[in-house]
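Chemist: The hints should help you fit chain B onto chain A, whose structure is shown.
Protein chains in written order, with the numbering used here: chain A, 5 to 256; chain B, 8 to 168.
Keep in mind the hints are simulated off the structure, nothing from the lab. One or more of the hints may lead you astray.
[To be verified] Below, a list of computed lysine to aspartate or glutamate pairs in the EDC-like style, where the Cα atoms sit at most 16 Å apart:
#1 B:Lys45 / A:Asp221
#2 B:Lys45 / A:Asp137
#3 A:Lys161 / A:Glu188
#4 A:Lys248 / A:Asp159
#5 A:Lys227 / A:Glu148
#6 A:Lys142 / A:Glu188
#7 B:Lys45 / A:Glu188
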Amino acid sequence: MTYDPNNHPRTDRPIREAIREARAIIILAFSVAIVYNIFAPSPVPWIREPEKSTATPLSLDSLGISDSDTGSALMTTPPVDTTAEAMPVDTAVTEALTQVQRDSLERFRRDSVRLAREEAKRLEDSARTAQFDAVVAKLVGVSEIQTDVAKFLFDSKKALFIDARPEDQYNSGHIRGARNVYAEQWQTKIPELVQIDRDQLIVTYCGGGDECELSHDLANNMKAALGFKTVVVYKGGITDWKAKKYPIATSE
Amino acid sequence: MQSKLDTTPAIKILSLAVRLLLGVVFIVAGASKLGALKTFGHSIALYQILPEGMSNIVALLFVWTEIVVGILLFAGAAVRGSALVSSGMLVIFLIAIIAAIARGLDIDCGCFAGDPEPVGIRKVLEDVGLLAAGIFLLYFPRSYLSIDRLLMQRGAADAEE
Numbered sequence: 005m006t007y008d009p010n011n012h013p014r015t016d017r018p019i020r021e022a023i024r025e026a027r028a029i030i031i032l033a034f035s036v037a038i039v040y041n042i043f044a045p046s047p048v049p050w051i052r053e054p055e056k057s058t059a060t061p062l063s064l065d066s067l068g069i070s071d072s073d074t075g076s077a078l079m080t081t082p083p084v085d086t087t088a089e090a091m092p093v094d095t096a097v098t099e100a101l102t103q104v105q106r107d108s109l110e111r112f113r114r115d116s117v118r119l120a121r122e123e124a125k126r127l128e129d130s131a132r133t134a135q136f137d138a139v140v141a142k143l144v145g146v147s148e149i150q151t152d153v154a155k156f157l158f159d160s161k162k163a164l165f166i167d168a169r170p171e172d173q174y175n176s177g178h179i180r181g182a183r184n185v186y187a188e189q190w191q192t193k194i195p196e197l198v199q200i201d202r203d204q205l206i207v208t209y210c211g212g213g214d215e216c217e218l219s220h221d222l223a224n225n226m227k228a229a230l231g232f233k234t235v236v237v238y239k240g241g242i243t244d245w246k247a248k249k250y251p252i253a254t255s256e
Numbered sequence: 008m009q010s011k012l013d014t015t016p017a018i019k020i021l022s023l024a025v026r027l028l029l030g031v032v033f034i035v036a037g038a039s040k041l042g043a044l045k046t047f048g049h050s051i052a053l054y055q056i057l058p059e060g061m062s063n064i065v066a067l068l069f070v071w072t073e074i075v076v077g078i079l080l081f082a083g084a085a086v087r088g089s090a091l092v093s094s095g096m097l098v099i100f101l102i103a104i105i106a107a108i109a110r111g112l113d114i115d116c117g118c119f120a121g122d123p124e125p126v127g128i129r130k131v132l133e134d135v136g137l138l139a140a141g142i143f144l145l146y147f148p149r150s151y152l153s154i155d156r157l158l159m160q161r162g163a164a165d166a167e168e
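Isolated chain A, as found in the complex (with noise of 0.2 Å):
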């Protein structure tokens, strides 16, 4: 008698041997998935947590700052008038003086235009950082942002941005000084990340949307398991980075 697999004497039925085939394939995949996830390093919890915020991601209206377009406005104040004709120039008293007292009189008029105007930018920096911190401030606690706070925040080049997604897609397009920090192997990343201040305000995006969670889990990671103080989750990702033309940046 010979065998064969798919017309077993024992059964004349096609359709019985499929699903009592069927019936074994499935018990030993379902065997081993259960023994894959008790011993996985990583294993995917058993019963889902539903998604925690609903509330709305943080605007800038929210913080008491003006919306702009670009968001650089916020950063300027007034320009301290810093010309040189700005300091008045008696002439009948440069004619009484010596060559000597002219020139040391225009190196006198060209340092203080230049203090002037190096003071005007600390006023400035210090006026940006202000806002900053304020902005920082009102984050702690805060978990998702608007694309609004996200470009404020990337002007101030004072936030990490760092992109959840897989390695090919951060490659085929990511915010402009991005890292790339894959959630789901996130563990291979902790080297470089310890390195990282812990006050360092982190911004984590992906896709976008509802569909991405990669962010949220990374966000989480890094405030529970690394101990940084401030990371919050860019909630329109990529796609809505992308649509306001905002600055992509590409890796080969």
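Modeler: For chain B alone, kept in the frame of chain A given last:
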């Protein structure tokens, strides 16, 4: 189901091709999601068919069933049973995708990790094609280069002793 058609070389070659194709598709689909199970669980939750808490378990079981069925099909072992399981899975996928389209959900199908495909007519057609392949294998499971065939030949050799 036993018929002359079942054993012609042409049919056997076709069966081999279909078996390998379906096997590879399932292995790749399952293996790609193995490294991103939480994301797949999230994709399943987005279909809003199951209670959200069950999404992870379903994701886990689906991924491993895809892998096991894919390997069995590729190796040509228990082809009828694997074809039945794969067809069953595809029917489930089709129901879920059609339900999502009918409800107007604009979501990623979650079929292959890292390669987003929107839920839509194209995906439905692809899955119908794979389902047809599975049903074909259910009726014509015998082919060359399969473990089943190896067992059959060994069985024949034993019987001759």
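Chemist: Taking 16 Å as the top limit, are the C-alpha atoms of lysine 227 (chain A) and glutamate 148 (chain A) close enough?
Modeler: Distance of about 14 Å is within 16 Å: holds.
Chemist: Starting from lysine 248 (chain A), check that the Cα of aspartate 159 (chain A) is at most 16 Å away, please.
Modeler: holds (14 Å)
Chemist: Are the Cα positions of lysine 142 (chain A) and glutamate 188 (chain A) separated by 16 Å at most?
Modeler: violated (29 Å)
Chemist: Does aspartate 137 (chain A) lie within 16 Å of lysine 45 (chain B) when you go C-alpha to C-alpha?
Modeler: violated (35 Å)
Chemist: Is lysine 45 (chain B) close enough to aspartate 221 (chain A), meaning Cα to Cα at most 16 Å?
Modeler: Given that 16 Å is the threshold and the Cα spacing comes to 10 Å, the pair holds.
Chemist: Run the distance test for lysine 161 (chain A) versus glutamate 188 (chain A): straight-line Cα separation, threshold 16 Å.
Modeler: violated (27 Å)
Chemist: Does glutamate 188 (chain A) sit within 16 Å of lysine 45 (chain B), going by the straight-line distance between their CA atoms?
Modeler: holds (8 Å)
The earlier numbered hints that this structure contradicts are 2, 3, 6.
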